[in-house]
Amino acid sequence: VYSLEELATKLGAEYSGDPGRRIKGLATLAGAGPGDLAFLANRRYLSQLQSTRAGAVILRPEHVGQCPSDSLLTTEPYLTYARATRLFARTESTEPGVHPRAAVAVDATVHPQASIGANVVVEAGVVIEAGVVLGANVYVGRASRVGAGTRVWPNAVIYHDVRLGRDCVIHSNAVLGSDGFGFARGPDGWEKIEQLGGVRIGDRVEIGAGTTVDRGALDDTVIEDGVIVDNLVQIAHNCRIGKNTAIAGCTGLAGSTIIGENCTLAGGVGVLGHLEICNNVHITAMTMVTKSIEKPGSYSSGTPMASTGAWKRNAVRFSQLDSIQRRLAALEKPSAN
Amino acid sequence: VYSLEELATKLGAEYSGDPGRRIKGLATLAGAGPGDLAFLANRRYLSQLQSTRAGAVILRPEHVGQCPSDSLLTTEPYLTYARATRLFARTESTEPGVHPRAAVAVDATVHPQASIGANVVVEAGVVIEAGVVLGANVYVGRASRVGAGTRVWPNAVIYHDVRLGRDCVIHSNAVLGSDGFGFARGPDGWEKIEQLGGVRIGDRVEIGAGTTVDRGALDDTVIEDGVIVDNLVQIAHNCRIGKNTAIAGCTGLAGSTIIGENCTLAGGVGVLGHLEICNNVHITAMTMVTKSIEKPGSYSSGTPMASTGAWKRNAVRFSQLDSIQRRLAALEKPSAN
Amino acid sequence: VYSLEELATKLGAEYSGDPGRRIKGLATLAGAGPGDLAFLANRRYLSQLQSTRAGAVILRPEHVGQCPSDSLLTTEPYLTYARATRLFARTESTEPGVHPRAAVAVDATVHPQASIGANVVVEAGVVIEAGVVLGANVYVGRASRVGAGTRVWPNAVIYHDVRLGRDCVIHSNAVLGSDGFGFARGPDGWEKIEQLGGVRIGDRVEIGAGTTVDRGALDDTVIEDGVIVDNLVQIAHNCRIGKNTAIAGCTGLAGSTIIGENCTLAGGVGVLGHLEICNNVHITAMTMVTKSIEKPGSYSSGTPMASTGAWKRNAVRFSQLDSIQRRLAALEKPSAN
Chain C
70 VYSLEELATK LGAEYSGDPG RRIKGLATLA GAGPGDLAFL ANRRYLSQLQ STRAGAVILR
130 PEHVGQCPSD SLLTTEPYLT YARATRLFAR TESTEPGVHP RAAVAVDATV HPQASIGANV
190 VVEAGVVIEA GVVLGANVYV GRASRVGAGT RVWPNAVIYH DVRLGRDCVI HSNAVLGSDG
250 FGFARGPDGW EKIEQLGGVR IGDRVEIGAG TTVDRGALDD TVIEDGVIVD NLVQIAHNCR
310 IGKNTAIAGC TGLAGSTIIG ENCTLAGGVG VLGHLEICNN VHITAMTMVT KSIEKPGSYS
370 SGTPMASTGA WKRNAVRFSQ LDSIQRRLAA LEKPSAN
Chain A
70 VYSLEELATK LGAEYSGDPG RRIKGLATLA GAGPGDLAFL ANRRYLSQLQ STRAGAVILR
130 PEHVGQCPSD SLLTTEPYLT YARATRLFAR TESTEPGVHP RAAVAVDATV HPQASIGANV
190 VVEAGVVIEA GVVLGANVYV GRASRVGAGT RVWPNAVIYH DVRLGRDCVI HSNAVLGSDG
250 FGFARGPDGW EKIEQLGGVR IGDRVEIGAG TTVDRGALDD TVIEDGVIVD NLVQIAHNCR
310 IGKNTAIAGC TGLAGSTIIG ENCTLAGGVG VLGHLEICNN VHITAMTMVT KSIEKPGSYS
370 SGTPMASTGA WKRNAVRFSQ LDSIQRRLAA LEKPSAN
Chain F
70 VYSLEELATK LGAEYSGDPG RRIKGLATLA GAGPGDLAFL ANRRYLSQLQ STRAGAVILR
130 PEHVGQCPSD SLLTTEPYLT YARATRLFAR TESTEPGVHP RAAVAVDATV HPQASIGANV
190 VVEAGVVIEA GVVLGANVYV GRASRVGAGT RVWPNAVIYH DVRLGRDCVI HSNAVLGSDG
250 FGFARGPDGW EKIEQLGGVR IGDRVEIGAG TTVDRGALDD TVIEDGVIVD NLVQIAHNCR
310 IGKNTAIAGC TGLAGSTIIG ENCTLAGGVG VLGHLEICNN VHITAMTMVT KSIEKPGSYS
370 SGTPMASTGA WKRNAVRFSQ LDSIQRRLAA LEKPSAN
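Residue numbers (my numbering), protein chains in the order written: chain C, 70 to 406; chain A, 70 to 406; chain F, 70 to 406.
The shape of chain C in the complex, shown without the other chains (with noise of 0.2 Å):
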């Protein structure tokens, strides 16, 4: 619990109202109580700041006016509210220390801050940092590196030779380190090349819940600092994503594929292999990316979506597209006339 004042303060807001107003946590505009802090950083819901019943709201200047209730003031109000989330968020209990029913290897190096929970695994000669805390289940295979601050979540699963930089965060599922899917015909069929590379991710990078970094073939695959990746992401061998790029869920990589910095991937895109994006790039929901971007910008592929009937009397006509195009020049032709 807070008092509007303390928030305005470590939020760096100023603040309209009751300074002493207790508010004891967050809520959105429409299910925000008396106690809550609720945000607006989007004009579509300012029919809901009018109505609401929160105790506070985070707000540009500009709408304080039609704030029925005591207000935090900022420019930025949704950076605000992130901030305001990690003074509510109830962290889990991590103890430092070794779980009993861990199993680390005796020269494996646990910083004593460190908070190792039951059945986790960490194989020789891997270092875990100050303020680790991995979760239940986890295994860290040799030589791996996970730096400080980072939390690994339960099941997660990191190969060996995975450095991980300070204070990610790596959801359950994660597999980071996996072979690169990587195989050569032989006369007999299909042969594998083993995954010597590693794989590197930088500080402050967040990796979501079943998604998969495979290790290099003989490079590593890189991760550059605050990078964010969504769910069920597959980032293949030899992939580099420069710095703050962030990757929504389903999305695939394939092999060498290089990301600049800042770059954007929405939902299920998918990258062939080889390519390189350049830094400020945007790519909307389901883009095939078929070859390297030089410019910032967006860029899509696809088709919109209809009723099914329509869509499939227009989707034979994409079939004939090329003749349509020729017909077309033909009666352009002066001699068509």
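Rather than coming from a laboratory, the hints here were simulated on the basis of the structure.
Treat the hints with caution; some may be incorrect.
Remember, identical chains collapse to one label, so a pair may be satisfied in a single copy or spanning two.
For lysine-lysine, the following DSS-like pairs were computed, each having C-alpha atoms within a straight-line distance of at most 27 Å [unchecked claim]:
# : residue 1 : residue 2
1 : K364      : K381
2 : K360      : K312
3 : K402      : K381
4 : K93       : K79
Please build the complex by placing chains A and F on the supplied structure of chain C, with the hints as guidance.
Relative to the frame of chain C, chains A and F by itself:
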């Protein structure tokens, strides 16, 4: 082993043939032997009926004349087959009790008729009701609740503040309650928005292997009664899925999307965020849903498969579609002639 | 460490240069140092050959003149490189025996030369053959069988009645044998069809991280010898994948689909159910396969990526394609002029 007459009684069907015929298992029309019960639900398999060696066949009365064996007569053979599978399922051994290698918090409540497998971790404040089966290596986070009769297969993860209803099935490596993908842009990169909501799942819900359901940002993510979700599906924060809706594999729902009741989403569908889909909507495979749907019916997007050569010729014309339409419009103008 | 001459012998290649040159590892042409072996398989990298600092390079005899270092000569450099990776792979420590924290059922059969990791659970009736490695937290359900030499990485799950052949590799968090997505509509919602079949996987199969293979409804789901499957692939119940077929990441196969031998499915492909794809078919990335394929060759669907602005202009015309075709046909009629 059941007699034909017993099966008819248990399944609410009529029978035709030897009431004492012994049926030991279920099989397809093509694979069945004299001790097996097969079924004919789809006219396409009529030819297989005529040559089946099954001891008995579940079918509609209209097909009994073409059946060389005994039969169980019903107007809904597929539903009767579904119910028959439950008679012949070999259930896994699930003795009630807590495995000595499970780690259950002292203040968690585990019903004596629940079965808690090896290496399971149950955190503080959790409630596990009667008849629940938690497979090996399952994790259940603080204050979560698993309703009576629910089965969780090995290595699935349930974060904190997740409420699962009765008689659900959660398959291996599914993740319920991981953080939603919420970040605000700050001066130095992405700032995490702590996800303070939970997940609420109704009764008789099935969640496939590897599927991820994120916790809500402030309110809960909600999956209503009777929803069935296939493998490797991503359900983002604050989605709400209505009763008896079915979602096939590899589908992804972006945040805050609301899906009505009795909808079916085929495989590989993507639904953008903050959309609303009404009841009784059917989305065909790999469709990108880019806007809300207010009318029941079937919806699609995409282009038809073709040989790569033909596809390339047509796909390049897609990029010229707007100019094709303009050229056509020019030809249509009276002055063009 | 090998001498160049030893490598030539082991890899079945000729060598050119100092037979005693000591090679300590593998590296890319660009990253190699004097103790490394590099390779040139693709003409695109010829310029890197000329400046490489590698101690030796695997290449075709025709390029030896441009190689500044010693070399290993072969007509198939990529295959020779694949084989070289096996010489330099640092295998994980896998001592035979059962970890004291594994839980093996009394009537399971575990070969003394198998290695069973910490927190592994092996249920009744399971057979684990010689040389098998089960990583930490792996679960093997009742009556399943893991063939000699197969390696299962940590946290993978094998349900009951799954038969895995010899020399397979199953990556972390893969799930083999989860229930197929089978439900019948009943009067009160979906009724589960118990999945009574199993999974049969041949020899030398590789299954990627997070990939799911569902058990069959009545018959088994089958993956034949030599098949390779990447990460986050969904293989539904009763699929059959032919020998030496390769399936890249994020692909989904719906139920009862049959894929021939020596096919390649690129990433993000979707295949509808009950289809049949013949041998030697290649499907390009993100293609939706909506019908059976009876002729070997390459197949595609989708639209080309463009800037979002250009794409929007063209995509809206896609919805008018049928009318565009009709308007064109009207212009083509003699009476239209």
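A quick look at each hint next to the structure:
no., hint, verdict
1, K364 with K381, "between (35 Å within a copy, 18 Å between copies)"
2, K360 with K312, "within (21 Å within a copy, 31 Å between copies)"
3, K402 with K381, "between (31 Å within a copy, 25 Å between copies)"
4, K93 with K79, "within (15 Å within a copy, 56 Å between copies)"
Figure legend: structure checked against the earlier numbered hints; every hint is met.
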